[in-house]
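**Q** Chain B with the ligands: place on chain V using the hints.
Residue numbers (numbering that gives the first Met the number 0), protein chains in the order written: chain V, 0 to 362; chain B, 0 to 319.
No lab work stands behind these hints: they were computed from the structure.
Every clue listed holds true.
In silico lysine to any residue, SDA-like type, Cα no more than 20 Å apart, as pairs: (1) Lys288(B) <-> Asp347(V); (2) Lys288(B) <-> Gly260(B); (3) Lys36(B) <-> Ser266(V).
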Amino acid sequence: MEATIKKPNAEAVDYSQAEVNRSLTPEDKIRFLRDMMRIRKFEQVAANYYQNKRMVGGFLHLYIGQESVAVGTLSLMGENDHCITAYRDHGHALAVGMSMNECMAELFGKSTGCSKGKGGSMHFFAPDKHFWGGHGIVAGQSPLGLGLAFGLKYKGLKGCCMSYMGDGAVNQGVFHESLNLASLWNIPVVYIIENNGYSMGTSLERSSAIKNCLAERAEGYNIEWDMVTGDNLYEVRAKTKVAMDRAHNESRPTILEIATYRYEGHSVADAKKKVYRTAEEIEFYKTYHDPLRLWRKQLLDEGVITEECAGKIDREARDEAEASAEFGMGSDYPREQDILSDVYYEVDRGTEAGRTGKHFFSE
Amino acid sequence: MITYLEAIREAQAKALADDPRVFIYGQDVGAFGGAFKATKGLAKEFPGRVLDAPLSEDAIVGLAIGAAIDGMRPIVEMQFADFSTVGFNQIVNHAATHFWRTGVPCPITVRLPSGGTAGSGPFHSQCMEALYATYPGLIVMTPATVEDAYSMLLEAVAIDDPVIFCEHKYLYYHLKAEALPTEAMPVGKARIARAGRDLTVVAYSAMVHEALACAEELAGEGTEIEVVDLRTVKPLDTDTVLASVARTGRLLAVGEAWPWGGVNAEVVARVASDGFALLDAPPRRLNAKDTPVPFHPNLWGTHRPTARSIAVAVREVLSQ
Ligand SMILES: Cc1ncc(C[n+]2csc(CCOP(=O)(O)OP(=O)(O)O)c2C)c(N)n1
Ligand SMILES: [Mg+2]
Numbered sequence: 000m001e002a003t004i005k006k007p008n009a010e011a012v013d014y015s016q017a018e019v020n021r022s023l024t025p026e027d028k029i030r031f032l033r034d035m036m037r038i039r040k041f042e043q044v045a046a047n048y049y050q051n052k053r054m055v056g057g058f059l060h061l062y063i064g065q066e067s068v069a070v071g072t073l074s075l076m077g078e079n080d081h082c083i084t085a086y087r088d089h090g091h092a093l094a095v096g097m098s099m100n101e102c103m104a105e106l107f108g109k110s111t112g113c114s115k116g117k118g119g120s121m122h123f124f125a126p127d128k129h130f131w132g133g134h135g136i137v138a139g140q141s142p143l144g145l146g147l148a149f150g151l152k153y154k155g156l157k158g159c160c161m162s163y164m165g166d167g168a169v170n171q172g173v174f175h176e177s178l179n180l181a182s183l184w185n186i187p188v189v190y191i192i193e194n195n196g197y198s199m200g201t202s203l204e205r206s207s208a209i210k211n212c213l214a215e216r217a218e219g220y221n222i223e224w225d226m227v228t229g230d231n232l233y234e235v236r237a238k239t240k241v242a243m244d245r246a247h248n249e250s251r252p253t254i255l256e257i258a259t260y261r262y263e264g265h266s267v268a269d270a271k272k273k274v275y276r277t278a279e280e281i282e283f284y285k286t287y288h289d290p291l292r293l294w295r296k297q298l299l300d301e302g303v304i305t306e307e308c309a310g311k312i313d314r315e316a317r318d319e320a321e322a323s324a325e326f327g328m329g330s331d332y333p334r335e336q337d338i339l340s341d342v343y344y345e346v347d348r349g350t351e352a353g354r355t356g357k358h359f360f361s362e
Numbered sequence: 000m001i002t003y004l005e006a007i008r009e010a011q012a013k014a015l016a017d018d019p020r021v022f023i024y025g026q027d028v029g030a031f032g033g034a035f036k037a038t039k040g041l042a043k044e045f046p047g048r049v050l051d052a053p054l055s056e057d058a059i060v061g062l063a064i065g066a067a068i069d070g071m072r073p074i075v076e077m078q079f080a081d082f083s084t085v086g087f088n089q090i091v092n093h094a095a096t097h098f099w100r101t102g103v104p105c106p107i108t109v110r111l112p113s114g115g116t117a118g119s120g121p122f123h124s125q126c127m128e129a130l131y132a133t134y135p136g137l138i139v140m141t142p143a144t145v146e147d148a149y150s151m152l153l154e155a156v157a158i159d160d161p162v163i164f165c166e167h168k169y170l171y172y173h174l175k176a177e178a179l180p181t182e183a184m185p186v187g188k189a190r191i192a193r194a195g196r197d198l199t200v201v202a203y204s205a206m207v208h209e210a211l212a213c214a215e216e217l218a219g220e221g222t223e224i225e226v227v228d229l230r231t232v233k234p235l236d237t238d239t240v241l242a243s244v245a246r247t248g249r250l251l252a253v254g255e256a257w258p259w260g261g262v263n264a265e266v267v268a269r270v271a272s273d274g275f276a277l278l279d280a281p282p283r284r285l286n287a288k289d290t291p292v293p294f295h296p297n298l299w300g301t302h303r304p305t306a307r308s309i310a311v312a313v314r315e316v317l318s319q
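For reference, chain B alone in the conformation it holds in the complex:
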């Protein structure tokens, strides 16, 4: 069995082994193996290519950009997604626009350990995908499975554009697969995680699993939900979403990030404008609460969507 976290480690090991241009840079990624052990043992296996960074996110990203335009393939580990805001300027102003301004691509991969786990509080729990997705020039990946964590991270390194790789901390240890995949869906293509006829739930990252749990429960009541796993939120596979809504007539978009102007808002807007005639009920979305992420697990459990709160929202859409 291999966990989501191990898959991320294995993908990095493979990237390092396959391509001498790849190096990994981040706080305590060396001997310590990373805060979550996503780079465990890699410094030893690949001497001089897995480098400990000082507490300097701004310069960490900037250095990666400089190296990338000079022909390297850096993977940057942010210790937590939340801290990427300290390097935000470099990501959104320099990396995102580099190709557009100069014709020289900027192939960096920035790994963001994202999302909440119980007890992590306001600065170690955030989902940043919507923030980055708003910037033209960035690709934003949000893998929900062990297989995708592995193959998409390899794709991220191979792609010539800057990639924000949002890996979910809750899935690190919870999610296991039999083996690493040998083939993968193309980047930018969404996946039907579960087929159904009554309502489409669009989700990504950890929320795919909450949606699947909800679907399982509702199946017992005779309601068949289709779950679409976006895989990448940018590009956003509108075609697969619309095709699903064409089958079900109903849409609920679920995400762990805050509601304001986020991925869910984008999904709902696209379906409303491009697929209005397909809808039998107003499209809905379910996000985390519009407040900072609380520390106590009880509050946190209320803050983010769960299988239970998704079921409540599903019933509401179905009743309309």
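In isolation and in its complexed conformation, chain V is listed as follows:
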């Protein structure tokens, strides 16, 4: 089984020696472990509550297995950088610094959730953190990422937008339209394809026509691209840095295809994972390519952490996740009378236009 895809003719490189990684302090490295662990525990706790029917139901797309992608790439996010992603958004949300409470409460549909119970799992967002959210329409976010980056360029700011999508999303026309514009107008966007091998139950081989890989399609648009081994946090950071530098310094786009894997079903509702992949395949990734396990081992080998310290990070993450579930459960339900709020800005703000606001609604 081939778990990682390499760019054709790529040489073996020790990415821990990349500048962006050599400058890391032990604290930084421990923070990455903690960040990945927090995402995993958050989702494990959420899945538990969901399956025990203590959550309201709906969709829950778990990121478990892919944590190194969000944590590795977003660890480089600077003041002017933006992030936007699809519906599998819990990892990105926590990685940009959203609190477990506001995220978990949203899963419970509570008024304390980031979307006040209106959006749910797929619609986490935090504009104050330049996290423009989860998006439920596959690839619908890709031109938005372009626009966020265009805005930076227009305003003369040195920044970029990291725009995430799945391996299935690349076949949407709008993504190709976005690529053309990105190159034509020199827009500082970094498209990150999280290639977990499947779009729902359809494998990459059955959904995408490619020569060697998806990112290579960039060639047709004269866009730089690279392949990344997702379970190697050092590599993720090193290659993301190259792409971000290109955006910041040359205002040119990049496509990064990061090889990764999801352990759970497409959504919690689809437990029938064996219809399209084998239990052995899942086991293989868990055993040999688990990003948390590998990073933990890396830090143990480097002497950055001890077993004891790793265990503590593990426990703290679990406790935090459990506490957030308590918070979510204990929070108030959204109020029915608030259903007409947040639809029109002008109405909510009571502006002149909004004060004639009863005409905004049909009832």
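**A** Chain B with the ligands only, in chain V's frame:
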């Protein structure tokens, strides 16, 4: 017992078996059997005719149109009605106008798993029937029963015009019938789902069942509501609606879609202009709230019409 969802599967199996020109195309409709299992087992039963599509709704519909004008009978499954907007251009500009422009009909069926279920949120709950009904050239079906789900889907495939088949996700598992029907009402004809003398409720799709539940409750108070199930919203059977209003003198149109310019608005407008003299009270409509569809089940329950909110509206019309 057979569910509404199974009826949709059975209709597709029959269409595939009866007509070699039929093929099914959509995301994960093959081995996976569709997101809701509406095509369960069909890929195996009909090799090469139930095809997994990439995430490319625009091209999915476009391909179906091309194949249809080339003599095929494609059934396209949109995974959720909401995503059909990504293929909207192809449906409303190309499919809808094809016969008008060329004299060559475009017999595609686009299945839209429509409407809300608790916890589905803003992009997995929408009712798109009014949007499509506004375009000349499209037929829009909104079956409310297991029988109609089956027979109307077969009709949709047989019809030479493009059909938007709005199947309701809430009914998928909730609704059961003894057996598949052997005969069916003609397409474009509405059905009196319950006879009554005091007020006409016009509904379609899942709202027929909310209206029936409301009628049952009000019958206990001595109020007899007539429930008309439109079955197709385009064509819209104005005659049956007017005949019902002639009997009751009062109209309430109920739909799960948004109020603005929708099916209910059309029903009310037709009755007001063609049946004004039949009315004893101003005609009314009840829709979902004029906001995006919320995630939390409590909010969702308030967002769409229910037997309870229909009863409130009925009483209001009756009091006038
Ligand atoms: C326009 C649109 N079509 C279909 C869907 C249904 N759908 C949601 S996710 C998904 C698969 C996407 O796979 P991929 O892009 O690889 O992302 P992953 O789930 O693997 O993270 C599908 C078909 C959707 N949400 N939006
Ligand atoms: Mg994928």
